[in-house]
Each structure stands twice: as C-alpha cells, then as structure tokens.
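K.L.:
One letter stands for each residue in the lines below.
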Amino acid sequence: MKKSFLKDKSELKRWAGLFFVLPAFIYHFIVVIVPSLKTLYLSFFDWNGIGNPTFVGLDNFVEMFTTDEVLPVALKNTTIWTLWFVTVPIVISIFVAVWVSGVKHSKLQMFYRTTYFLPYVLSAAIAGKIWSNFYNPYYGFTTIFKSMGLDGLADIMWLGDPKIALFSVAFVSNWSWWGFVMVLFISALQQIDPTLYEAASIDGAGRARLFWHVTVPGVSPTIVFIVAMSLMWSILSFDFVWVMTMGGPGQATELLSTWIYKNAFVNYRAGYANAICILQSVIVLAIFFVNQLVRKKVEEAV
Amino acid sequence: MSTVKKRSPILNVLIHAVLIFLAAFQLFPLVVLFINTLRTDVEIKHMPIGLPEHASFLNYAETWVKGSYAVAFRNSIFIGACVIVIVLVGAGLAAYGVARLKIPGRNFFIGYFMLGMSFPAFMYIVPLYYNFSEMGLVNTHASVIIIYAASYIPFSMLLIRTFLVGIPRELEEAGKIDGCSEFGVFLHVTMPLSLPILATVALIVFVWCWNEFLWANTFLTTDDIRTVSTRFYKFVGEWSRDLAKIYTAGMIALGPIIVLYLCLQKTFIEGLTQGGVKG
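Chains as they are written, first to last, in this note's numbering: chain A, 1 to 302; chain B, 1001 to 1279.
Honestly, I wouldn't trust all of these hints.
Stated by the list, open to error - Simulated coverage check for chain A against chain B, where a stretch passes if three residues somewhere in it have a Cβ under 8 Å from a Cβ of chain B:
1. 40-50
2. 93-103
3. 113-123
4. 169-181
5. 228-241
6. 268-276
7. 280-293
Said to hold, decoys possible - Result set (SDA-like, lysine to any residue): computed pairs, CA atoms no more than 20 Å apart in a straight line:
8. B:Lys1266 / A:Val216
9. A:Lys104 / A:Glu198
10. B:Lys1234 / B:Tyr1069
11. A:Lys107 / B:Val1018
12. A:Lys296 / A:Val216
13. A:Lys107 / B:Ile1015
14. A:Lys13 / B:Ile1015
15. B:Lys1102 / A:Lys163
16. B:Lys1176 / A:Phe29
17. A:Lys296 / B:Met1114
18. A:Lys76 / A:Lys163
19. A:Lys262 / A:Phe238
20. A:Lys107 / B:Phe1021
21. A:Lys76 / A:Val282
22. B:Lys1102 / B:Val1031
As the list claims (entries may be wrong) - Pulled a few chain A residues facing chain B out of the computed Cβ check, cut under 10 Å:
23. Ala16
24. Pro35
25. Gly128
26. Gly140
27. Ile144
28. Ser147
29. Gly149
30. Leu150
31. Leu153
32. Ile260
Hints listed in this document are in silico derivations from the structure and should not be mistaken for laboratory results. For every residue, glycine included, the Cβ atom is placed at its ideal position computed from N, Cα and C.
All chains should be modelled from the sequences, with the hints used to inform the complete structure.
P.N.:
And the structure:
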C-alpha cells in the first residue's frame, strides 16, 4: 500500500517534508497533550499524587457541584473577573487607541505606546508583589492618604476587605494588560482604509458617527479576537491573584486556577484538582473553537 | 484625514491631558519602586512616596548578596538560553515545513499549533508534576526547560511562519537550482534571511522564561536553582520587615527586562502583538 503511495519522487519528497514539522509536533504532543489526556483520565480517580489512584467514577464531578463549598465562590469570582476583563480594558483601549493614533507628533505617539505597553512585559509575580506593598494598610499608600487628610480612602483595606479585594487585584492586572490590548487596536486602526473616512466625512458625518460607522466596523475582527483572548486569558488567570492574596481574605479572591492549585499542591487532592482542570479547560477550549469559527465567518464577510 | 472636521480645541486639550495622565499612571509604580531603592526602610515606612534624604545605592549591594541574586540570575539566564535553542530549532524547522513545503496535513499542523498557543497550563500541570517527580526531574532546571520549550514552540512557530510567508522565495529557489538539498536551503538560505524574526523570538522567549511564575514556583523549590522571579517571591517572604530591601529586590528582578524593553521596544511590541493576531 505504502509503496504505491510513494511511487513517484515528488510524492516521496512531499512526505519527507514532514521531518521538518514532526520534531516540534511530537515534542509538544508528548509534553503537553499526553499529560492533558492523563488529566482527563485521572479526573475519574481519587488520587493524592503519590499512591495508587482509586477509581471513583463521576464522584469528583458530583462533588464539584454538591459538597464543595469553595467551587461556586471560585466560579462566581472568575465570572466577575472575566466580566471585568472583557469590558474595562477593551473600552479604555479602543478610545485611547483612537486618540493615540491621532497624535501627530510621531515621537510623542511612540512614547505613549511604549509607556502604556511597558507593564505588560514585566513579570506579574514581581509587579504584583510590589503593588501589594502599595496596598499595605500599615506602610502603603494609606500613609499618604492619611497625611492628605483623606481618612475615607485611608481606612480602606484594599486587599483585606473581602468586598473589594478582587477589584484591587483586577485593577493591578488591568494596569499590566490594557496597554497590550491598545497596541492591538492601533495596528487594527492602521489597516482601515483612509478613503472610508474621507467618503463618510464628505457625506457630512461628524467624529462620533465616523467612530461608530467606520472605526468600530473596521476594528470588529480585532474586537472579536480580543474578546475571545480576554475570555480565555481571564478564566486562566493565576499569577496576580496568587502573589497578592492567594485567594484570600477567606475565599474572596478565589479563582478557578487558585482553587485548582490549592487542591493539587496544598491539599494533595490531585484527582479532584484534575476534575476542576477539566471544567476550566472545557470552557477555555470551547471559547477557542467558537472563536475560530467566528473568525472564519468574519474574514469571509470582510 | 484632511477632510475630517477638526476636534474642538478644548476637547483636544482634554484628550492630551488624559493621555499624559495614563502615561504617568503606567509609570508611577515603577518610578516609586526605583526611588524607594535609594531610600532607607525607616524613610519608606514613614512615607511610601518621597525623595531620598541621602540617595545611596547601598541597598543594591546588600540585597544582591542577601538574596543570592547572582545565583538566580545565572539560573534564569541558563534556563532562558537552553529554551531559546530548543525553540529556535523546533519552531524554525516546523515553520519552514508549513510555510515552504507542501507537506501532507499542513493545515492540521497549523491548526494544532494555534490550539497549542492557547492551550491552558492547568490542563497538564498536575500529572506532569507528579510524573516529573517520579522521574526525579522536580527541582532540576531540566524540568522547566522541557516545559517552557514545549509551551513556547507554538507561538514561535506561528510567528516565524508569518514572517516566512511574507518574504520572497527567489533566493531559496536559486539555492535549489544550485543543487542544495531541502535541508541545505533551510540552513544556508532561509534561516540567515530570517535572522530578524529569530532574534525577536529569542528575545520574547527569554523574557517569558524570566517572568514565568506558575511552573517555576511549583517545580523549582530549592534556593540554589530558583529563577529570578521566584527568588524574588521567596525573598519578599523572608525580608518582609525591610521594605527598602524588598523594593530593591523588585528593581533588581525587573530592571534587566525594563532596560531590554527600552532598548528594543519595537521588537517587543511587534513580536508580542503580531504573533497573536495574524497567527
């Protein structure tokens, strides 16, 4: 069978080309996909990571939605976190991108771009810890607010108050994230055909109408891409929360990721952690595939 | 844009004010961080923002030694270098394969690596940890090198592929006419032509290795093998009472990346954003 398939030289050459792709593919498959399949398999077991796993069927999944009191909190927090990141940074970035592209002086424009993007290239673990110090109620910015007589602000426990801790962390994460989104929008803006603006303004459209009728449709493929990326990224968020609050106080900033981490590496319930991993990954991968479909549709429509 | 109505001057001033405010806001934590490395613990505790009474770089010398940052830097650089080599070889070959050759299953491979780029770390961290622990790989540099290389290959491969698709093939064709083998063309023609994108990939991969926290914090738990970012994390716990040292440690850990970024901002921004969008 194979011989006839490879009968002529060009066919052989075609298959020989696989030698270029296979090393990366096989390597990635062994390190990433094989353990992922193991995660799926082990999610049906009770396992502490070391001993022999005991098969428990769907018990882990049942536990997730019945006796585990933390998981609903983690899901709720992850949802709030995700809602923040599909709205706040995107809205800020799209406006700022329009304004920055309008800056005539090219060096100044470059300065804005560089500055806004800078926190994105820094380690979340390190930057998060530094922000924790700013938030510290004894020697953080509280001291400044007090000296300015702003007692209302000085009394806030930024990371200690369960009602605001999640937003305090999201604020820092947003600081590092939005500049990246803004640069994506700037490149999208540059690809809009300038004649569209001229045509529309000859028709008498003002700036607001130009924004809604030319700019927004022009960057819509980018918006779709960024929303999908933000969804996936925020459902998987870990670093900032872990270094700043470790999910606390109480469970106030517990996310899916931190709860998985605690189960796997603190409570040694690897089997149960795997079940939550499956829940998280199913959501993320579903978004990935939906995005691929939408992207194809959008590209076809453009 | 000449025909578009001009903004009212008041609105224009407002927009500039917002842009300047945002720039200040982005830089503010880093400026405070830097100034506080020149102050003493007492000064910082008294008032977290302020100019140093007697600016001195003494904190740096002390923190560098007490945090054994020399070891951490060596570890991070070693890990980064190894990962760069594996990624460039693997991703370079694969990118050439999908961009230049009519291999069977080409679209499958492109799709696979696109999925690989967004593949959640939590999907494989747990079994990998316990497997590596059985194999004695936990607490070795090899563990994170293997993982980083695998997880950065998809992004790198797609970035190199985008670059290859955008450059003409004439030189490669000429190489083939001169009797070069496919691999010879790859090695002697395509790769030298791709140096700019390979440098971009190397830079981004290095920064990712430097910054990475989740895997490094889980797999490297003894002090002599920690990377810079996890060494800092541990240092903060050990020295929580001395704020001057904590800020200095933060500056030491972030400094190299800030300097790299300021020198090569274009490479950073283009590399990090293109790979994602054009895939």
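K.L.:
Hint by hint, say whether it matches the structure.
P.N.:
Hints, one by one, checked against the model:
no.	hint	result
1	40-50	holds (count 3)
2	93-103	holds (count 5)
3	113-123	holds (count 11)
4	169-181	holds (count 3)
5	228-241	holds (count 5)
6	268-276	holds (count 3)
7	280-293	holds (count 6)
8	B:Lys1266 / A:Val216	26 Å, violated
9	A:Lys104 / A:Glu198	18 Å, holds
10	B:Lys1234 / B:Tyr1069	12 Å, holds
11	A:Lys107 / B:Val1018	18 Å, holds
12	A:Lys296 / A:Val216	19 Å, holds
13	A:Lys107 / B:Ile1015	17 Å, holds
14	A:Lys13 / B:Ile1015	59 Å, violated
15	B:Lys1102 / A:Lys163	57 Å, violated
16	B:Lys1176 / A:Phe29	32 Å, violated
17	A:Lys296 / B:Met1114	14 Å, holds
18	A:Lys76 / A:Lys163	13 Å, holds
19	A:Lys262 / A:Phe238	12 Å, holds
20	A:Lys107 / B:Phe1021	18 Å, holds
21	A:Lys76 / A:Val282	17 Å, holds
22	B:Lys1102 / B:Val1031	52 Å, violated
23	Ala16	7 Å, holds
24	Pro35	4 Å, holds
25	Gly128	9 Å, holds
26	Gly140	6 Å, holds
27	Ile144	6 Å, holds
28	Ser147	7 Å, holds
29	Gly149	15 Å, violated
30	Leu150	14 Å, violated
31	Leu153	14 Å, violated
32	Ile260	5 Å, holds
Violated hints, in rising order: 8, 14, 15, 16, 22, 29, 30, 31; the structure is consistent with all others.
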